[in-house]
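Whole structure, please, built from the sequences with the hints as guidance.
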Amino acid sequence: MDYSSLRKSFGGLFIDQRVEKGQLLTLSLESWGRLGEAMADYQGTDVFVSGGIPGERVVAEVLRVWRKYIAAQVVEVLEASEYRVEAPCPYYGICSGCQWQHLAYDAQLRAKYDKVVDALVRVGGFDKISVSPVMASPRQLGYRNHARMTIGVGGALGFVHRETRQFVRVDNCMLMHPGVNHLLGQLQDKCDETTQLSIRAGEETRDHLIQPTLKSPDILVATGQKHYLESVNGRRFRVASPSFFQVNIRQTSNLIEVVRNALEFTGTEVLLDAYTGVGTFAVLLSPYVRKVIAVEESSAAVADARENAAGLDNVEFVLGKAEHVLGLIAEKPDVVLLDPPRAGCQREALRSLLKLAPPMIVYISCDPETLARDLKLLCQGPYQVASIQPLDMFPQTHHVECVAVLERIASPARIILASGSPRRKELLSDLGLDFEVKPSNVNEEVIPGETPQEMVLRLSAAKAQAVADTLDGTTENGYVIGADSTVVFEGRAIGKPVDSDDARRMLHELSGTKHCVTTGVTVIDVGSGRQLTDSMIGDVVLRDITDEEIEESIASGTPMDKAGAYAIQDVKLRPGELLEGCYTNVVGLPLCRLTQMLTELGCPLPPGWAIPNQTNCKADCPFAGNNPA
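Counted the way our numbering counts, the sequence shown spans residues 1 to 629.
These aren't lab readings, by the way, just hints derived from the structure by calculation. Just to be clear, a hint being listed does not mean it is correct.
[Said to hold, decoys possible] Computed spacing ranges between beta-carbons, pair by pair:
#  : residue 1 : residue 2 : range
1  : A300      : T150      : 20 to 26 Å
2  : D171      : E316      : 44 to 50 Å
3  : R18       : G55       : 34 to 40 Å
4  : E297      : G529      : 50 to 56 Å
5  : W66       : T195      : 25 to 31 Å
6  : R505      : L312      : 50 to 56 Å
7  : V571      : T150      : 43 to 49 Å
8  : R206      : T164      : 33 to 39 Å
9  : D534      : R235      : 24 to 30 Å
10 : P448      : K128      : 54 to 60 Å
11 : E264      : P217      : 54 to 60 Å
12 : L312      : V498      : 47 to 53 Å
13 : R34       : T213      : 22 to 28 Å
14 : K128      : R148      : 39 to 45 Å
Beta carbons: idealized from backbone N, C-alpha and C, even for Gly.
Written out as structure tokens, the structure is:
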């Protein structure tokens with residue numbers, strides 16, 4: 001039996017108990033780890049080796065033995081890589097803040113490129129995607145405007161090693177620009193009244209922020225500021241202590257230009273900045289667009305952003321989480337800019353974005369894996385990746401920033417919706433398909449003896465055929481979609497109310513009941529005359545709706561054009577929930593089944609389109625989980 005393979009397959013659960021902290025291991029380094037260490041195999045267990053380079057043979061000291069892996073550090077290089085250089089920092093190796101000072105800068109850029117490509121393939125499932133070379137940072141050292149320091153014995157400032165958890169006193173950090181290091185020198189050995197310290201320094205403004213407030217009389221520099229001033233592209237930004245701001249100012253200028261050049265603004269666009277922070281992108285891109293809608297959940301950041309946008313009359317700020325606000329935006333943006341935290345976008349935000357369906361999306365990310373995860377979902381909808389530009393925002397570390405530009409794919413086929421229903425128009429828009437609206441004027445009276453299912457099948461086909469008959473199949477090819485929905489209760493079809501009294505009667509009858517909604521859908525290929533007709537059923541349970549709520553709903557006019565006098569998606573009434581079936585079917589158009597029917601008829605959909613499974617809707621279906629109840 002191959003015990004090393006067995007150990008590997010169980011994720012290192014069988015680490016040789018003789019491996020101990022401080023032990024020296026001779027290792028051949030094979031690849032890069034996720035956090036910038038070189039990786040090796042020891043008796044079937046992964047060893048993450050800081051200070052190494054793939055291709056090297058080294059002696060490494062064991063720092064810590066975890067349950068599934070070993071953390072180690074190079075103490076001797078037996079066979080050196082051609083890319084190895086002498087690390088300039090005296091703290092390198094004992095401070096884990098930097099991972100790659102021993103790696104030549106060109107090799108750092110290549111490793112970051114490989115990291116991006118690997119994440120796109122492994123996490124995102126992209127096999128053919130073009131990634132540009134990593135844009136080098138203008139400065140490889142002395143670029144950071146922000147330091148988060150730990151306080152040691154006697155008020156010393158430094159950092160804590162990630163694996164050993166040992167405190168390392170630091171008098172001068174080579175990644176920090178001189179302004180930060182000057183403040184560090186002013187505070188060293190004087191900060192024993194706290195345990196953590198944040199130092200920010202404006203590179204050009206010479207302003208600074210130190211938090212928390214320090215009261216020691218030995219400290220001669222001001223502390224406890226609520227905000228400080230930073231400058232990008234000649235524009236000053238006020239940044240509050242809890243707010244995020246880019247740490248590499250010169251590379252931030254390049255980042256702005258990458259975004260601007262990729263979008264080729266004409267000045268007529270509406271830009272939605274979904275994670276605006278203190279408004280960096282909103283402010284600096286506002287001269288190139290007609291309007292900016294900037295969304296941010298931090299009230300402190302929004303206050304800064306409003307100050308930073310002073311004098312700009314085309315920037316509007318919205319306080320709220322992106323995942324909540326995106327679904328409420330009334331004005332359709334031409335471009336959506338995403339710059340989320342390292343964890344990426346919430347799934348709800350991405351689903352709302354798919355429904356919003358802007359022509360272009362720009363996604364800025366500092367984590368290739370969460371970027372790849374989110375791009376995978378967006379590209380299952382009507383989007384394709386147009387370009388990915390990595391930037392080195394964090395030299396000497398394994399981190400890499402990416403700008404991904406996504407384009408909405410236009411539908412290659414003519415699609416016609418034979419309905420004036422606002423809900424069906426919205427649902428079809430959610431698919432990201434270009435379509436026309438040509439309402440039919442079919443008589444919707446019920447035929448005696450007809451079942452509800454027979455009725456919706458007949459009416460959906462009649463609506464589609466009525467519109468198809470107006471087209472010349474020899475010169476006007478296309479696909480006509482007809483649909484009809486009804487509520488079914490106790491075997492009876494309950495249609496739209498004729499007046500307020502009828503709506504009141506329906507709501508009282510359905511309140512607190514379990515019933516179903518059935519929708520018939522028909523697709524006709526005008527060119528060939530082929531037709532597909534089907535129906536879907538969704539089980540719904542309504543809560544006990546009060547008389548007052550019924551009257552409020554009737555007064556709003558909402559029930560009057562809806563079967564059963566309610567809409568399951570009504571966020572104000574919140575009438576009930578879907579128990580089983582397709583949610584969009586209950587709204588009025590079963591999108592999953594519709595895309596299947598279009599495909600069966602040979603309708604060319606956008607390349608890469610993923611058709612959701614109707615019977616077992618997966619988590620990454622754009623329409624799963626949209627039930628607001």
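Structure-based check of all given hints:
1. The hint said 20 to 26 Å for the Cβ distance between A300 and T150, and at roughly 24 Å that hint holds.
2. Here the CB-CB span from D171 to E316 is close to 46 Å, well matched to the stated 44 to 50 Å.
3. The hinted range of 34 to 40 Å is not satisfied by R18 and G55, whose Cβ atoms lie roughly 28 Å apart.
4. At about 53 Å, the beta-carbon gap between E297 and G529 stays in the expected band of 50 to 56 Å.
5. The hinted range of 25 to 31 Å is satisfied by W66 and T195, whose Cβ atoms lie roughly 26 Å apart.
6. Take R505 and L312: their Cβ atoms lie about 54 Å apart, and the range 50 to 56 Å holds.
7. A hinted range of 43 to 49 Å for the beta carbons of V571 and T150 is consistent with their spacing of about 46 Å.
8. At roughly 37 Å, the beta carbons of R206 and T164 sit within the given window of 33 to 39 Å.
9. D534 and R235 have their C-beta atoms about 57 Å apart, which leaves the hinted 24 to 30 Å range violated.
10. Between P448 and K128 the Cβ separation comes to about 58 Å, which falls inside the hinted range of 54 to 60 Å.
11. Separation of E264 from P217 is about 57 Å and conforms to the stated range, judged on CB atoms against 54 to 60 Å.
12. Range check, L312 to V498: about 52 Å between beta-carbon atoms, so the 47 to 53 Å window is met.
13. Distance hint for R34 and T213: a CB-CB separation of about 37 Å, inconsistent with the stated range 22 to 28 Å.
14. Remark: the range hint 39 to 45 Å for K128 to R148 is upheld by a beta-carbon distance near 40 Å.
In this structure, the hints that do not hold are numbers 3, 9 and 13, in rising order.
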